[in-house]
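One-letter residues, chain by chain:
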Amino acid sequence: MIEARIAGIGLLGPGLPDWPTARRVLSGAADYAPGDVVPPVPDGLSPRERRRTSFAVRLALAAAAEAVRDAHEDAARLPTVFGWAHGDGVIVQRLLETLATPERYVSPTDFHNSVHNVAVGYWAIASGSHEPCSSIAAAMDTYPASLLKALAEVHCAGRSVLHIACEAPFDEPLYSACPTGAPLALAMVLTPPQEAGGIARIRADYRADGGNVTKPATAALRPLWELNPAARAFPLLEAVARACAAQTMAIPYGPEGRLHVTVAPC
Amino acid sequence: MRPLVLSALSTVNALGIGLDATARGLRENRSGLRFCDYEDARLDTYIGRVDGVEQAPIEGALARYDCRNNRIAQMALRADGFADVVAAAAGRYGADRIALILGTSTSGLREGERAFARRAPGTGALPAEFCFTETQDHHSLTAFVQGYLGLRGPAATVSTACSSSAKVFADAAQLIDAGICDAAVVGGADSLCLLTLYGFNSLELTAGTPCCPNDAARSGISIGEAAGFALLERAEAAGGAVALLLGYGESADAHHMSAPHPEGLGAELAMRRALEMADLAPGAVDYVNEHGTGSRQNDQVEDAAIARVFGDGMRSSSTKGATGHTLGAAGILEVAVCCLAMRHGFIPGNVNLQTLDPAFRCRVEAATAAGTVRHALNNSFGFGGSNCSILLGSPQ
Chain A
1 MIEARIAGIG LLGPGLPDWP TARRVLSGAA DYAPGDVVPP VPDGLSPRER
51 RRTSFAVRLA LAAAAEAVRD AHEDAARLPT VFGWAHGDGV IVQRLLETLA
101 TPERYVSPTD FHNSVHNVAV GYWAIASGSH EPCSSIAAAM DTYPASLLKA
151 LAEVHCAGRS VLHIACEAPF DEPLYSACPT GAPLALAMVL TPPQEAGGIA
201 RIRADYRADG GNVTKPATAA LRPLWELNPA ARAFPLLEAV ARACAAQTMA
251 IPYGPEGRLH VTVAPC
Chain B
1001 MRPLVLSALS TVNALGIGLD ATARGLRENR SGLRFCDYED ARLDTYIGRV
1051 DGVEQAPIEG ALARYDCRNN RIAQMALRAD GFADVVAAAA GRYGADRIAL
1101 ILGTSTSGLR EGERAFARRA PGTGALPAEF CFTETQDHHS LTAFVQGYLG
1151 LRGPAATVST ACSSSAKVFA DAAQLIDAGI CDAAVVGGAD SLCLLTLYGF
1201 NSLELTAGTP CCPNDAARSG ISIGEAAGFA LLERAEAAGG AVALLLGYGE
1251 SADAHHMSAP HPEGLGAELA MRRALEMADL APGAVDYVNE HGTGSRQNDQ
1301 VEDAAIARVF GDGMRSSSTK GATGHTLGAA GILEVAVCCL AMRHGFIPGN
1351 VNLQTLDPAF RCRVEAATAA GTVRHALNNS FGFGGSNCSI LLGSPQ
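Note that the protein sequences, when read in sequence, are chains A and B.
This note's numbering applies: residue 1 is where the first sequence begins, and numbers increase by one.
This note's numbering applies: residue 1001 is where the second sequence begins, and numbers increase by one.
These are calculated hints, taken from the structure and not from any lab test.
Each hint should be verified, as a subset may be incorrect.
[Unchecked claim] Which bits of chain B does chain A cover? Going by a derived footprint, with three or more residues having C-beta under 8 Å, they are:
| id | region |
| --- | --- |
| 1 | 1015-1028 |
| 2 | 1046-1053 |
| 3 | 1076-1084 |
| 4 | 1176-1187 |
[To be verified] Examples of chain A residues lying across from chain B (beta carbon under 8 Å, computed):
| id | residue |
| --- | --- |
| 5 | 72 |
| 6 | 139 |
| 7 | 217 |
| 8 | 218 |
| 9 | 225 |
| 10 | 266 |
[As the list claims (entries may be wrong)] Computed spacing ranges between beta-carbons, pair by pair:
| id | chain 1 | residue 1 | chain 2 | residue 2 | range |
| --- | --- | --- | --- | --- | --- |
| 11 | A | 213 | B | 1057 | 53 to 61 Å |
| 12 | A | 3 | B | 1282 | 32 to 40 Å |
| 13 | B | 1147 | A | 43 | 18 to 26 Å |
| 14 | B | 1235 | A | 159 | 46 to 54 Å |
| 15 | B | 1256 | A | 158 | 53 to 61 Å |
| 16 | A | 245 | B | 1092 | 38 to 46 Å |
| 17 | A | 47 | B | 1276 | 31 to 39 Å |
| 18 | A | 213 | B | 1133 | 41 to 49 Å |
| 19 | B | 1284 | A | 34 | 37 to 45 Å |
Everything numeric in this text was worked out from a predicted model, so none of it was measured.
Glycine included, each C-beta is placed from N, C-alpha and C at the ideal position.
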């Protein structure tokens, strides 16, 4: 079992332009209304690098930046764990289309932006962080897999870690092969349990007990929870947003595996 | 950190199938590179291709996972009795107490390439038999291995380009330390595909000759393919030990997506952090297996960083002239090279080296030489400025 505190949160999704808006929806104080996702141009990059950042990278970096601001942390000091199942799928598809042409003229920029750790690479450049950074995939279980990695790093290193979960849909035809719904990114700064302050306490353990899975209480968010791996965070964020008594949930992780998470107010 | 034991190890690479074939290839200083004969790739480059992949399909309950990357992984699971050791460990700990953390950069992307070459005229739809989740998806490798080994612990895929299967050691060590699991299967696989061949070619990073890392005339990389696995356990619980994991060091360059930091800042940080975690002085390390891709810039920056950490004349080599650059599998392959060096008492040669770059400060020999290796460091650096150093110790 691992304990930590949530010190800051960022979120950007359809109709959810930031964490304060999302918190009202997730706590039941406001109705959910889907809308477009317009990620801002990231700070801290050179004009050339800024041009090279795609929608998916901007989405991830926006949530990361909001969480770091919310936690009053210095991004350069934080190890980073990115969870996204498919990396930048739009670029991957463009490369697959190019490789199916007789000439196979691969764009060098597309190629280096096709690595799964593209977002963490740009985040490190933008934040000037030389701290450990990782990029984790586990298909539909990417959220619990990357959250568990981030929590284990908090535990071992005894320091705060930035966890980001992001997923932006493929275009067709890959979308039909792997539908992920709408774009969504969320981020949390996780700190060691003994540190003061924070938004909530969190406790997590893995068990392969095949028990009942916790779905989001906000019915309007369930379709996204079904499709988008990052949306598997919704029950956890609902518990944070409702900020009442301790609440325990089971996040599906593998055929029988569950990440059991308890969220309690600070 | 408290040292962990690598109690089982396996590898498949261009030198051969299994640890013995790999050790023999290293001792004979053999290059496994050949002129590119992969599919219909029309590129003047050399590759480190694994023989026999075409004849080793995935069958039975996991047949939907059949693709080149998972085939190479299956070959490595069958090599060196690896799957049997894991089965015994699962009996001891419980299959739910063994984590599975694997690294890959392109997973089964080759199946996506094949699907896009066969799109339906008119609609552009992909062929119905294309199994995205079981092949192209990054996690396909880990899901396949999880099914093959019957493991039920937490499973994750690390995909940080060419440092992927080095960083898995860090993640597994953290999960064991946090008590989430008692043991972990780590490793990775990356296999030839058009994307990496044409992609590195587009960046003008592939050599027209077999790659010759550290050579004054080096002109780029040769892409290879490999798979490998290790079982990590706490020292007191493990039966036998191939090697000890003493420390790991991770860092980010925060510089550029595809070029290393010009002063090797991230590389140096990774090596220093691994030494610090192991509480070892630089002088205790007998051998550094370099990332040593054969690109002009990587080798120069890495040599300088090693010299800053270990001083001039550090015994180092790149084995990518033997195996090719196996990208996301480089970490686990070269950890295996370090383990073989410690076990058999040799310093791996730097295959294809003719004239060491005169500016270099490390001691790099072309030929494999006898020598005691008590501590070895492996470097793996990837696109996105993702660096990882793994510090290993001999169990004796």
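Structure-based check of each hint:
no.: 1; hint: 1015-1028; verdict: violated (count 0)
no.: 2; hint: 1046-1053; verdict: violated (count 0)
no.: 3; hint: 1076-1084; verdict: violated (count 0)
no.: 4; hint: 1176-1187; verdict: holds (count 5)
no.: 5; hint: 72; verdict: violated, 21 Å
no.: 6; hint: 139; verdict: holds, 4 Å
no.: 7; hint: 217; verdict: violated, 26 Å
no.: 8; hint: 218; verdict: violated, 27 Å
no.: 9; hint: 225; verdict: violated, 18 Å
no.: 10; hint: 266; verdict: violated, 22 Å
no.: 11; hint: A/213 with B/1057: 53 to 61 Å; verdict: violated, 34 Å
no.: 12; hint: A/3 with B/1282: 32 to 40 Å; verdict: holds, 36 Å
no.: 13; hint: B/1147 with A/43: 18 to 26 Å; verdict: violated, 43 Å
no.: 14; hint: B/1235 with A/159: 46 to 54 Å; verdict: violated, 26 Å
no.: 15; hint: B/1256 with A/158: 53 to 61 Å; verdict: violated, 31 Å
no.: 16; hint: A/245 with B/1092: 38 to 46 Å; verdict: holds, 40 Å
no.: 17; hint: A/47 with B/1276: 31 to 39 Å; verdict: holds, 37 Å
no.: 18; hint: A/213 with B/1133: 41 to 49 Å; verdict: violated, 19 Å
no.: 19; hint: B/1284 with A/34: 37 to 45 Å; verdict: violated, 59 Å
Hints 1, 2, 3, 5, 7, 8, 9, 10, 11, 13, 14, 15, 18 and 19, counting from the list given before, are not met by this structure.
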